[in-house]
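A.B. asks: Here is what each chain is made of, one letter per residue.
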Amino acid sequence: MEKEKKIFIKGNEAICHGALAAECRCYFGYPITPQNDIPEFMSRALPEAGGEFVQAESEIAAANMLLGAAACGVRAMTSSSSPGISLKQEAISYMAGSELPAVIVNMNRGGPGLGDIGPSQGDYFQATKGGGHGDYRLLVLAPGTVQEAYDLTIKAFDLAFAYRNPVMILGDAILGQMKEPITPWKPSPVDPGEGQEWRLEGARGRKQRILKSLYLEDGALAGHNLNLKEKYARMEKECAWEEFMAEDADLIVVAYGSIGRIAKSTIRKLRKEGHKIGLIRPITLFPFPKKPLQELAREGKRFLTIEHNLGQMVEDVRLSICGLAKSDFYGHLPGNLPTPNDFEQPILQALKNES
Amino acid sequence: MEEKLINPRPTVLADRPTHYCPGCHHGTAHKLVAQCLEEMNLVQDTICIGSIGCSVFIYNYILVDTVEAPHGRAPAVATGVKRARPDKFVFTYQGDGDLASIGLAEIMHCANRGERVSVVFVNNTVYGMTGGQMAPTTMVGQKTTTCPKGRSAEKEGMPIKMAEIIAGLGGTAYSARVAVNNIKNLTKAKKALKKAFTAQIQGVGFGFVEILAACPTNWKMSPIQANERIEKEMIPYFPLGEFKDRVSEAK
Ligand SMILES: Cc1ncc(C[n+]2csc(CCOP(=O)(O)OP(=O)(O)O)c2C)c(N)n1
Ligand code: SF4
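Heads up: the protein sequence lines correspond to chains X and S, in order. So in the numbering used here, spot 59 of the first sequence is number 59, and the numbers just go up one at a time. Basically the numbering used here = 1-based index in the second sequence + 355.
Worth flagging that the hints you see were computed from the coordinates, not collected in a lab. Please note that the accuracy of each hint is not assured.
To be verified - For lysine-lysine, the following DSSO-like pairs were computed, each having C-alpha atoms within a straight-line distance of at most 27 Å:
#	chain 1	residue 1	chain 2	residue 2
1	X	Lys207	S	Lys543
2	X	Lys264	X	Lys352
3	S	Lys587	X	Lys212
4	X	Lys207	S	Lys510
5	X	Lys207	S	Lys443
Could you put together the complete structure from these sequences and hints?
C.D. replies: This is the structure in structure tokens:
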């Protein structure tokens, strides 16, 4: 791992730098705010890196181009924001069913429908519970800082190929537009052929390879779906989260992405005032870090989930702690940018709540 | 007298019982594509994009590396494949519901970008697999399960002539319409496929071949009647021929 000199960039750009460091060679996209920096950056940088950039006619086409490149075993990515991600779901479901490795970035904006172009976490259910049709899961990574956007993009490519599964990076308009200094690093070079005896390249004297999600013979789909289930269970070991001052805390705030980072600032301030508050910031949203939450619940701590929506991840938090501990929710409504101050009262209230 | 087999089975075509209905032209079209791949020495370097419809099982017949695309999206998938592996021969195989309805945007833009891919388009004027509903290519007056009184031009529009539309797009190098209802047309169909494939190999641009095909089951006809329908009803509206040929010009 070779470190480079610091650069000052936006979250959206960090994702592009990370993708290039991970040797992404194909990008397919369609404009939508707040992620336009990504296709704009890739249109310049990818051809220079010997790769291919296509501005597709729609998100549907972009996601299916991704499917085609993924079928060739090439490192490929698409990005979009909420309404665009809805259109990509058809191909994402097919990629999950055909076990194709691909990276999909969602810089979450407000919804439902056209919503607004401000930050939101309204797509949590869509990202972690399937989103498209059928019984499948994506690996979902939720960066909270610009550095993490870089690091997790590199990780996303490795995970996609390790599990032959689509990986989603779930950010939001705050992360995408925020500028921070980061230290880029170069991962070890990728061997494009390694372990890819499934990729399409022309039969060259061997038996044909077929990448498909159609299983009509008796019991065939059941067998396929069971294999997928085992794969999703294997992903448990990828669970990642940040723990901040949780050990001696009475109240654990659970928040992810930009909201997790803002909540951390609130907690820092309240700690100085003597309140025993800690944070768990899930970094993988699927697989969801149930274990650390369970352990903290067993120790008798209270929980407060903070999200930029009406309450989605809180369901996973409650499933994880499974009645072992008291749990509250505070939802910051989309349409404006929360500040650390906004979370102070809800946190203090949850600390007091005996209900 | 020495016997000569005019239409031999290429080895890249699987020797297995067909799932297509008697008289269905998908099998004939598969065989032609397989012959062209073999005669043009492309088999080892081909990636096929399967689509949705009766031909979804193309990979059971043409034994080349294949990926299955969602309904209508094969041209987008082909774009991704070709951009990732420009050194490979890439073709899609699509029905009329797939290509001319749900996938109209994908085919138009793939052709317009001039993607170096080849598209085999089987026009049988109905949605075959789902039970014979109206397609964008259904003929005026033709009865289907969703236009039981026959397609009406006022309510449902005129059948779409894809080969002509594709020919009008800038990236298209070759666009033709052929039929496989008799030996003479079969020979021409094979030539057209080879030209479309050549457009890709020589890097001239996008290649498109529309094949007028029979669906005896959903037309509720015998295979012989279905063949006659192609000659009497389809060809007069969907004329055979080459609508664009930049391959010959390029020579
Ligand atoms: C998104 C989506 N919509 C609908 C279908 C159902 N469907 C399966 S095959 C088909 C029609 C295919 O017709 P055509 O392309 O004409 O091919 P044919 O069966 O005639 O060869 C449809 C609508 C589907 N699989 N996916
Ligand atoms: S339904 Fe029509 S298109 Fe499908 S196999 Fe039968 S004849 Fe062929």
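A.B. asks: If you draw a straight line from the CA of Lys207 of chain X to the CA of Lys510 of chain S, is it 27 Å or shorter?
C.D. replies: 49 Å, violated
A.B. asks: Checking one constraint from the list: CA of Lys207 of chain X to CA of Lys443 of chain S, max 27 Å. Satisfied?
C.D. replies: 17 Å, holds
A.B. asks: For the pair supplied as a hint, Lys207 of chain X and Lys543 of chain S, is the alpha-carbon distance within the 27 Å limit?
C.D. replies: 31 Å, violated
A.B. asks: Are Lys264 of chain X and Lys352 of chain X close enough, with their CA atoms no more than 27 Å apart?
C.D. replies: 19 Å, holds
A.B. asks: Given the hinted pair Lys587 of chain S and Lys212 of chain X, is their Cα-Cα distance within 27 Å?
C.D. replies: 39 Å, violated
Going down the numbered hints, you'll see the structure goes against 1, 3 and 4, while the others check out.
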